[in-house]
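Chains as they are written, first to last, in the UniProt record's numbering: chain B, 1 to 78; chain D, 1 to 417.
Warning: the hint list may mix true and false statements.
What the hints assert, rightly or not - Taking lysine-lysine and the BS3-like style, the derived pairs with C-alpha atoms no more than 25 Å apart in a straight line are:
#, chain 1, residue 1, chain 2, residue 2
1, B, K49, B, K15
2, D, K66, B, K7
3, B, K15, D, K66
4, B, K7, D, K70
5, B, K15, B, K78
6, D, K387, D, K4
7, D, K387, D, K55
8, D, K330, D, K254
9, D, K254, D, K4
10, D, K330, D, K295
11, D, K295, D, K394
12, D, K66, B, K9
13, D, K394, D, K254
14, B, K49, D, K151
15, D, K66, D, K55
16, B, K15, D, K254
17, B, K15, D, K4
18, B, K49, D, K70
19, D, K70, D, K151
20, D, K70, B, K9
21, D, K4, D, K249
Keep in mind that the hints were calculated from the coordinates and are not lab data. Please read these numbers as outputs of a predicted model, since none were measured by experiment.
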Amino acid sequence: MSEIAEKVKAIIIDKLGVEESEVTPEASFTNDLGADSLDTVELIMEFEKEFNVSIPDDQAENIATVGQAISYLEEHAK
Amino acid sequence: MELKRVVVTGLGALTPLGNNVAAYWNGLANGVSGAAPITRFDASKFKTQFACEVKGYDPENYFDRKEARKMDLFSQFAMVVADEAVQDANLIEGNVNPDRVGVIWGSGIGGLRTFQEECVNFANGDGTPRFNPFFIPKMIADISAGHISIKYGFRGPNFVTVSACASATNAIIDSFNYIRLGMADVVVTGGSEAAVTEAGIGGFNALKALSERNDSPETASRPFDKDRDGFVLGEGAGALILEEYEHAKARGAKIYAEVIGGGMSADAYHITAPHPDGMGALNVMKNVLRDANIKPEEVDYINVHGTSTPLGDISEVKAIQTVFGDHAYKLNISSTKSMTGHLLGAAGAIEAIAAIMSIQNNLVPPTINHFTDDESFDPGLNFTFNKAQEREVKVALSNTFGFGGHNTSVLFRQFID
Chain B
1 MSEIAEKVKA IIIDKLGVEE SEVTPEASFT NDLGADSLDT VELIMEFEKE
51 FNVSIPDDQA ENIATVGQAI SYLEEHAK
Chain D
1 MELKRVVVTG LGALTPLGNN VAAYWNGLAN GVSGAAPITR FDASKFKTQF
51 ACEVKGYDPE NYFDRKEARK MDLFSQFAMV VADEAVQDAN LIEGNVNPDR
101 VGVIWGSGIG GLRTFQEECV NFANGDGTPR FNPFFIPKMI ADISAGHISI
151 KYGFRGPNFV TVSACASATN AIIDSFNYIR LGMADVVVTG GSEAAVTEAG
201 IGGFNALKAL SERNDSPETA SRPFDKDRDG FVLGEGAGAL ILEEYEHAKA
251 RGAKIYAEVI GGGMSADAYH ITAPHPDGMG ALNVMKNVLR DANIKPEEVD
301 YINVHGTSTP LGDISEVKAI QTVFGDHAYK LNISSTKSMT GHLLGAAGAI
351 EAIAAIMSIQ NNLVPPTINH FTDDESFDPG LNFTFNKAQE REVKVALSNT
401 FGFGGHNTSV LFRQFID
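Full structure from sequences and hints, please.
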């Protein structure tokens, strides 16, 4: 697993208070990991801070699963 | 329309003296001070370096980590005491209609630490706004009542009163009024505050409101003592379950006391200084006696606002002497802030509990830390100095006054069917 993927998973575990085993690539933040809309906003902000990127709102809307977050950040992280 | 009777059927407390009602009362009855050096931040550069903090509080004993992270400490405190009170009143076995259960909470400030942290983060950044989405819902004072309603599904009247240090008493009076008017069967009321932060201590220090007796924190809160030099900031929460009497009786609830009156008034004088003749305090005690339709002679105990500030203590006692006349000499008067410090918006909640427990136990908790008489006070008055006093307490009055000139009083009476 890439370093970015490891960090993404760690942030999700921390912010959503979930077990590592639940954080699979297919897991949806809202449907599987118990996030509400505010949690999702907070996650995106944490990704922005950790990876020094700015994620526009229209792209943030497409980041709904763990895997989508990892691939977005692998592509855009500086 | 005939007003309904209102009784107290549950209590909860998280205080500098103990983390539940039994431990709190034990501290009060034994004259324990809750003051100690500040642990919540490095106060070494502050004029005041001590406070009455809640001790041994670990949010993970009450919340899962994710839940705790979304609540400012003042909301966590609210949830903890509301839970103790709800369990105590046994409100959770389908014996109430949740649509008729309200939550009316009090907080003078709300999420001060949250506000401080988010603003510091922004100021330390490059100007890009990176406010946490939970910033506003953690900070706003009313969220405490929201959280309690969400946890239990209580869908009746729900809001928070804000009147500085009178906040919780305003919440109790509002709850009393809604129930006696028939607008709710039960209300979870009380207040919480968690302002022991850099902004809280620094702000009150700038007002010259706090004691600066850093060499002896436990004797710093000394209401009515000649050498009092300001209040000691406290934190914590208190909860009361108020319930319509017939409703309580029908479900066989335990009854602690009856709420018989609420009084409110304004000084209309100065933003922080009390009226020198205690005009607002005088009016509020007249109002509460009139509301309860009792004579001054029926009151046994006054749990005073008595914050240990030079001016405030004098004006309140002047007002008591005017309202109660000769009966003032037969009263027990005490300031439990000598032990708990000043919990600001939660003060009225924990002091209402002190008043109720004095009725339950026929014991008046003391005003500790009395060393030197102040000639400003009539020596014939009984301030219950230093040691609790046994006496039959049928009626207890609790006063709380807030910056802005808000005055509130509430009367509790021993319950007689």
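Right, here's what the structure says about each hint:
{"no.": "1", "hint": "B:K49 with B:K15", "in the structure": "holds, 14 Å"}
{"no.": "2", "hint": "D:K66 with B:K7", "in the structure": "holds, 18 Å"}
{"no.": "3", "hint": "B:K15 with D:K66", "in the structure": "holds, 7 Å"}
{"no.": "4", "hint": "B:K7 with D:K70", "in the structure": "holds, 22 Å"}
{"no.": "5", "hint": "B:K15 with B:K78", "in the structure": "holds, 23 Å"}
{"no.": "6", "hint": "D:K387 with D:K4", "in the structure": "violated, 38 Å"}
{"no.": "7", "hint": "D:K387 with D:K55", "in the structure": "holds, 23 Å"}
{"no.": "8", "hint": "D:K330 with D:K254", "in the structure": "violated, 31 Å"}
{"no.": "9", "hint": "D:K254 with D:K4", "in the structure": "holds, 18 Å"}
{"no.": "10", "hint": "D:K330 with D:K295", "in the structure": "holds, 14 Å"}
{"no.": "11", "hint": "D:K295 with D:K394", "in the structure": "holds, 13 Å"}
{"no.": "12", "hint": "D:K66 with B:K9", "in the structure": "holds, 16 Å"}
{"no.": "13", "hint": "D:K394 with D:K254", "in the structure": "holds, 18 Å"}
{"no.": "14", "hint": "B:K49 with D:K151", "in the structure": "violated, 32 Å"}
{"no.": "15", "hint": "D:K66 with D:K55", "in the structure": "holds, 22 Å"}
{"no.": "16", "hint": "B:K15 with D:K254", "in the structure": "violated, 42 Å"}
{"no.": "17", "hint": "B:K15 with D:K4", "in the structure": "violated, 48 Å"}
{"no.": "18", "hint": "B:K49 with D:K70", "in the structure": "holds, 19 Å"}
{"no.": "19", "hint": "D:K70 with D:K151", "in the structure": "holds, 14 Å"}
{"no.": "20", "hint": "D:K70 with B:K9", "in the structure": "holds, 20 Å"}
{"no.": "21", "hint": "D:K4 with D:K249", "in the structure": "holds, 13 Å"}
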